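Each chain is listed here by its residues.
Number of protein chains: 2
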Amino acid sequence: MTMQIAIGLYEGFAALDAIGPYQVLTSLPGAEVLFCAERTGIVADEDRMLRVDVTRTFADTPRPDLLLVPGGLNTRLLAKDGVPIVEWIKAAHPHTTYTTSVCTGALLLGAAGLLRGLPATTHWLAYDHLRAFGAEPTEQRVVIQGKIATAAGVSAGIDLALTLAAEIAGADVAQAIQLGIEYDPQPPFDTGAPSKAPAPIRELVTAVMRDAESTLLAEAT
Amino acid sequence: MTMQIAIGLYEGFAALDAIGPYQVLTSLPGAEVLFCAERTGIVADEDRMLRVDVTRTFADTPRPDLLLVPGGLNTRLLAKDGVPIVEWIKAAHPHTTYTTSVCTGALLLGAAGLLRGLPATTHWLAYDHLRAFGAEPTEQRVVIQGKIATAAGVSAGIDLALTLAAEIAGADVAQAIQLGIEYDPQPPFDTGAPSKAPAPIRELVTAVMRDAESTLLAEAT
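Protein sequence lines, in the order shown, are assigned to chains A and B.
Under the working numbering, the first residue of the first sequence is numbered 1, with each subsequent residue one higher.
Under the working numbering, the first residue of the second sequence is numbered 1, with each subsequent residue one higher.
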């Protein structure tokens, strides 16, 4: 039996949010991992240099077993009723085995009404946005609440996917996948979480992100 | 001044090998990160579901400041004289600031004659292949030898790219990028390196990879 795993893309998705889980989940026995979007054709990432040729629409993919949405700055604009990816999540969620997000993909789950009253996570700079959808933001890297799983910023999608692989196929399979991608991380600094980073670094990243958000919102109005 | 960072793709590249570094390096101030390949058009990854629309050829990209090649099973066939990506590496390397690889991308650097007599790394299952090019395989996650930098399997490209970001732009910038992608990894298991994995898991992954290699070589002849 095949498990269909659908990664929903949109213009401006963050590349690693999608590809970290993709790399892990394609090794899951019996899994078919596919990308889908509102329309077929090219969907570019946030940095515009990764152009993904998407061959399936949301309409072609109404019943994924595992649904995953990546984050990206554009979620600030997309996280609302009537937006195709949000409507796709709403319609698919009652039938999924897992509905999941990486980074600010959680805002899309929030807009679909899935996170009300639930602990969930997202990029550390987006906790307030998540709270606006009735979720209770937590600093955990991966949060599993029943069949809804959310991961922290960008790189946390790898940890999410390995956690799901263990739930779906058992620890041995997940360990084999982890060894296959040689995931024995050795970050050059131990400052990858807001609680660990020096204040000036945290302030720098916050300022850059707030600027990017302001520019995005100004361009959108 | 712009630093041109070129990620060379080929049919069957491993997605995360390319996208891990891409996600890190696109945040480097003054960097232009682009994908290139033998021909423009769609290049599919090893699992065939990620279809990247490449808009630059190797010929369009003769002088990258930083050259990076991802790994993939197909490197077993491509790592030889006369193959376009190997010839591109040979011609570009004398002019780069850094020439780098992730996973079995190191075999392509080896085929280009860059690793003779040097310590280098690759996926843990490909040490023998690397040795065949005169390199001295090491179990380090990131190996920097002058301007040549090699990373271990798949996910190690993230650690490589952050290490390079620190060399190029300083520790503060690299820490800001690391915090931006919230890279505070928490793998569900501590078995992501061959020395840490239980023997049965290591044997399983070895058997799967050797099978895939045999199939590839049988199909190619």
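Just so you know, these hints were derived from the structure itself, not from any lab.
Predicted model only: the values in this text are computed from it and were never measured.
A couple of the hints might just be wrong.
Claimed, not checked - Ranges of calculated distance between the beta carbons of each label pair, as one might list FRET restraints:
{"hint": "1", "chain 1": "A", "residue 1": "Thr97", "chain 2": "B", "residue 2": "Ser195", "range": "18 to 26 Å"}
{"hint": "2", "chain 1": "B", "residue 1": "Ala132", "chain 2": "A", "residue 2": "Thr97", "range": "39 to 47 Å"}
{"hint": "3", "chain 1": "A", "residue 1": "Val208", "chain 2": "B", "residue 2": "Thr215", "range": "42 to 50 Å"}
{"hint": "4", "chain 1": "B", "residue 1": "Glu136", "chain 2": "A", "residue 2": "Pro62", "range": "20 to 28 Å"}
{"hint": "5", "chain 1": "B", "residue 1": "Glu203", "chain 2": "A", "residue 2": "Gln186", "range": "22 to 30 Å"}
{"hint": "6", "chain 1": "B", "residue 1": "Pro200", "chain 2": "A", "residue 2": "Val208", "range": "29 to 37 Å"}
Yeah, the Cβ is synthetic: ideal placement off N, Cα and C, and Gly gets one too.
Do the hints match the structure? See the list:
The given range of 18 to 26 Å is broken by A:Thr97 and B:Ser195, whose C-beta atoms sit roughly 35 Å from each other. For the pair B:Ala132 and A:Thr97, the supplied restraint of 39 to 47 Å holds, since their beta-carbon distance comes to about 44 Å. Between A:Val208 and B:Thr215, the C-beta spacing of about 46 Å keeps the proposed range 42 to 50 Å intact. The hint said 20 to 28 Å for the Cβ distance between B:Glu136 and A:Pro62, and at roughly 53 Å that hint is violated.
In this structure the hint that B:Glu203 and A:Gln186 lie 22 to 30 Å apart at CB holds, the actual value being about 25 Å. Between B:Pro200 and A:Val208, the C-beta spacing of about 46 Å breaks the proposed range 29 to 37 Å.
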